[in-house]
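Dock chain one against chain two, each of which comes alone in its own frame, and use the hints as you go.
Residue strings, one per chain:
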Amino acid sequence: MTGTRLILRGAALGIAGLVAVAGGRAGAQTRRAKPAAKPTPAAAAATVPVTLELEPRAIDILKAASATLAAARTMRFTAVVSYENPSLLGPPLVYTTRSEVTLQRPDKLRVITTGDGPPAEFYDTGTQLIAFAPAENLVAVADAPPTVDAALAKAYEMAAMYFPFSDVIVADPYGDLAGSLKLAFYIGQSKIVGGTTTDMIAYATDAVFVQAWIGADDKLPRRLRAIYAADPAQLRHDLELSDWQLDVAIAPDAFASARAASTTRIDFARPDPMLPPGLTPPTAGKPTTPARKK
Amino acid sequence: MTTRLALGLVGLLAGALAAAPAFAWAHANRFGGSTSGSYSSWTHSGRWGGSAAGGNGSWSGHSAWGGTASGGGGSWTAHGAEGGTASGGDGSWTAHGAYGGSASGGEGTWTAHNAYGTTAYHTAGSGTTTVYGTDNAYHPTYYGGTYYGYHPPTTVNYYGSGCYDCGGWSSAGAAAAGATLGLATGAAIGEAAEANTAANAYTAGYAAGSTSAAYTTGAIYATLPAGCSPTTLAATTYYLCGNTWFKPSYGANGVYYRVVPTP
Numbered sequence: 000m001t002g003t004r005l006i007l008r009g010a011a012l013g014i015a016g017l018v019a020v021a022g023g024r025a026g027a028q029t030r031r032a033k034p035a036a037k038p039t040p041a042a043a044a045a046t047v048p049v050t051l052e053l054e055p056r057a058i059d060i061l062k063a064a065s066a067t068l069a070a071a072r073t074m075r076f077t078a079v080v081s082y083e084n085p086s087l088l089g090p091p092l093v094y095t096t097r098s099e100v101t102l103q104r105p106d107k108l109r110v111i112t113t114g115d116g117p118p119a120e121f122y123d124t125g126t127q128l129i130a131f132a133p134a135e136n137l138v139a140v141a142d143a144p145p146t147v148d149a150a151l152a153k154a155y156e157m158a159a160m161y162f163p164f165s166d167v168i169v170a171d172p173y174g175d176l177a178g179s180l181k182l183a184f185y186i187g188q189s190k191i192v193g194g195t196t197t198d199m200i201a202y203a204t205d206a207v208f209v210q211a212w213i214g215a216d217d218k219l220p221r222r223l224r225a226i227y228a229a230d231p232a233q234l235r236h237d238l239e240l241s242d243w244q245l246d247v248a249i250a251p252d253a254f255a256s257a258r259a260a261s262t263t264r265i266d267f268a269r270p271d272p273m274l275p276p277g278l279t280p281p282t283a284g285k286p287t288t289p290a291r292k293k
Numbered sequence: 000m001t002t003r004l005a006l007g008l009v010g011l012l013a014g015a016l017a018a019a020p021a022f023a024w025a026h027a028n029r030f031g032g033s034t035s036g037s038y039s040s041w042t043h044s045g046r047w048g049g050s051a052a053g054g055n056g057s058w059s060g061h062s063a064w065g066g067t068a069s070g071g072g073g074s075w076t077a078h079g080a081e082g083g084t085a086s087g088g089d090g091s092w093t094a095h096g097a098y099g100g101s102a103s104g105g106e107g108t109w110t111a112h113n114a115y116g117t118t119a120y121h122t123a124g125s126g127t128t129t130v131y132g133t134d135n136a137y138h139p140t141y142y143g144g145t146y147y148g149y150h151p152p153t154t155v156n157y158y159g160s161g162c163y164d165c166g167g168w169s170s171a172g173a174a175a176a177g178a179t180l181g182l183a184t185g186a187a188i189g190e191a192a193e194a195n196t197a198a199n200a201y202t203a204g205y206a207a208g209s210t211s212a213a214y215t216t217g218a219i220y221a222t223l224p225a226g227c228s229p230t231t232l233a234a235t236t237y238y239l240c241g242n243t244w245f246k247p248s249y250g251a252n253g254v255y256y257r258v259v260p261t262p
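Those protein sequences? They're chains L and G, same order as listed.
Quick note on numbering that gives the first Met the number 0: the first sequence kicks off at 0 and runs consecutively.
Quick note on numbering that gives the first Met the number 0: the second sequence kicks off at 0 and runs consecutively.
Hints should not be assumed to be uniformly reliable.
Restraint-style ranges between C-beta atoms, simulated for each label pair [to be verified]:
| # | chain 1 | residue 1 | chain 2 | residue 2 | range |
| --- | --- | --- | --- | --- | --- |
| 1 | G | Ala233 | L | Val93 | 40 to 46 angstroms |
| 2 | G | Thr230 | L | Ala250 | 33 to 39 angstroms |
| 3 | L | Ala260 | G | Val259 | 23 to 29 angstroms |
| 4 | L | Val93 | G | Pro262 | 38 to 44 angstroms |
| 5 | L | Thr77 | G | Thr67 | 44 to 50 angstroms |
Keep in mind the hints are simulated off the structure, nothing from the lab.
Positions of the beta carbon are idealized from the N, C-alpha and C atoms, including for glycine.
Chain G on its own, in the form it takes in the complex (with noise of 0.2 angstroms):
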């Protein structure tokens, strides 16, 4: 199972790469690769280079566009051609994307962090994943079908923390390396978390777009589901929406929701 695994995250590593390639590696045999071997050993080439080997409880794997892999005895490595890494065993993994993307977790739980400092957390057990950064949720609509949920240029997370007078493009010092809004590294960890979070939601028995299992806490919206209620208690303003509460705020120059725990 470590070694297919292993095998598996090559190939992704080796999509960093070009989609090409691992696409070829993946379907070897079906476009003209070849395997051969025996009880103890075997070897496989694939038609456009990539090549694996093993046996006597280690195995190898060379990707035609400089990706490997090898492992053994219940550990494993990986190396993408352009600086990705990857290795695992005894339960544990982590795995480091070459322009600054990173991965670590084990039995059940595991953190992802992109280059722009949006981060995503698994618990074991919990059944949901979370983002935290605003762009899964904070910007819904990146292909523009609809932007309505955007808002205008904001400081979060791009101007940083410097904010030495705030006075504006000139003056606001735009202190943070990490800009996390929008970009499409940490949408495509959003996606991720999304797919992750429904996917866990079905298999809870709950109806396809039920409010009520799809939003995390913490994670911030730029406008509510359908068929929310408003709710005053203790002079604070809520929307009950299913069985998920929404506190809203003005920030970034404009309303957005927050999911919160029952007040």
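Isolated chain L (complex conformation) (with noise of 0.2 angstroms):
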């Protein structure tokens, strides 16, 4: 064995040690612990079983939400959007963003994110989407199709762009949900959220479970908080909307901008992980039986 392979060979077992160090780590989040010895009143609360019913009165506050928003001819609202990452240590942190919507229906869309992370501008004209990132002065092109939610799935499709805000701002929000809703229960009224009083309720799929406060008078939703089930360290995505403006005239030069129009273009691409040309992706290996020997 070489000096060369040793080395190599070494950096190799680090690589598995840490993975086994990391999958702890991350694992401790996720994991469940070892059954008590005795049961405890919160592992006794966990057995009970969950009945996934859907309660009419949290339906109906959904339908009324959702009617409100789609009878709308245009809206402006703002998003702030808050959403949890682990640090190394594992405890995540929280990142915000922030952005300022505005919609006109069928075909028109405006995303003006100030901040924090990097700024960015997002337009369907009715035409073209147009990604603009205003710090680096460039921007992305493509062929608009004729809604808004067409356009979503496009950006989503092509870019992996995606709007935590899209449920409030798709053409029929309910039935977008209908479909796949296992649950749905009716929690409260709360007078902190938004200002405002609102309707508490959770809903899930088999997805994700989501908490929402939906304006008890004028059925507008405020805040939203989402947990994936497919996320092992089942982290918190909040969004809080505001300053809610339905069926206000908006300026015919809202959606396109000056500035984007004549900058450097670049491609709209899905920031996926890819392989170099030539390489097949590995596969994990198969553990040896080696004879052990006392």
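This is the structure in structure tokens:
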């Protein structure tokens, strides 16, 4: 065995150790605790069977919110998104972005993200999808489909772009959700969220559990909080919606940017991992079973 | 040499259980362990209860916290108390973490996978390690000292391919079981890969911080290094940074830069 091979093997063993150590860190967040000798009240509560039920009161609130949003010819609101990401130590950090959203049905959308993180501008002009990065002075442009719903889908497919507030700007919010709903229930009222009285409901699909605060009077969503079933760390994603304006007049030039139109163009592209040319994806090794000698 | 490597791996697996026992084992004699033996056999006891013994071409070791290792005749196995395992022989090895990570390799080539989908890959003689995942490059500042580099919430590797209508939280199909976005596991592997890359760059005589050897093809970054020049070739915009070419694209709610071969 050459010295180089020894070094590489040592590095590989180090990686293996990191896999084990890091796996332990991450797993510590999600692994189930070993059964206690005596059931604790919490453990007993966890074993209570849950009946998946769509409570009519919760469904009515969801439908009312959906109808209010779907009926709006135009809308403006502010979306503040807070989402968790684990730190190297494991406990999550929370990051926040703020976006100003303007919609005009059926085919115009503007999302101006002012911070934190890099500023960004997204436009659906009705004929073009434009994503402009003012800090880098770069813009990506593609043909727009005929509706905002289709534009959201296209942005996701071609560039992995996604807006958490998409739930409230699609043409039929409840219709999008209804087919996958597994659970919905009414929680109560809050007088804190959004500075008004809201009805709190929770609903779930196989993929996500959402708690929502919806205005008791105006039926506008003020806050949504999501946790994904597929996320082993059960991170929290929080969306605050404020400054609602429905059916307001919007200037015709609101859905375009002169600066974006004149800057350097780049492509839309998904940033998914990719393998270098000529390299096939590695497969996990199968453990060998060498004879144990004592 | 095989014995030494296996014992080292056991130490690493023990690290998955808790840092203290691994440390205690590694420094056993210094803090109260004892060793005895003869020409053909030996035993060792650590202060905290770990032990090792061997002779006649075979050996075994036990940590006080449940890790074990044994080997001989060119092969070895190791088990962590919480389920991590490793084995090897004849120039190859595999390892599995208790929480889903795995690694395998041999003769200078290895791959490692964490439970969230990130993969690190190293080819013998390549001098570089490539990490397939968005963790290390896309989110370079995990401690939040500056978070200019992070993007707004994305669907990449999180909502997976189940874009049922891309409508939002409620309707986006969160189908992917492996979330790689910023998880600590991937970050650890990413750090190791970066350290590996830096070490190779240093060995090759590059100055620390040089951009020419620190980037691997296909990797993506939220920002460019200093001193890049924009270049347009065949109607496509690139940035040349030292000897490394970056292609900017707009995705996941922001601009990112992918390292590409010389266009």
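Hints versus structure:
no., hint, in the structure
1, Ala233/G to Val93/L: 40 to 46 angstroms, "holds (43 angstroms)"
2, Thr230/G to Ala250/L: 33 to 39 angstroms, "holds (38 angstroms)"
3, Ala260/L to Val259/G: 23 to 29 angstroms, "holds (27 angstroms)"
4, Val93/L to Pro262/G: 38 to 44 angstroms, "holds (39 angstroms)"
5, Thr77/L to Thr67/G: 44 to 50 angstroms, "violated (58 angstroms)"
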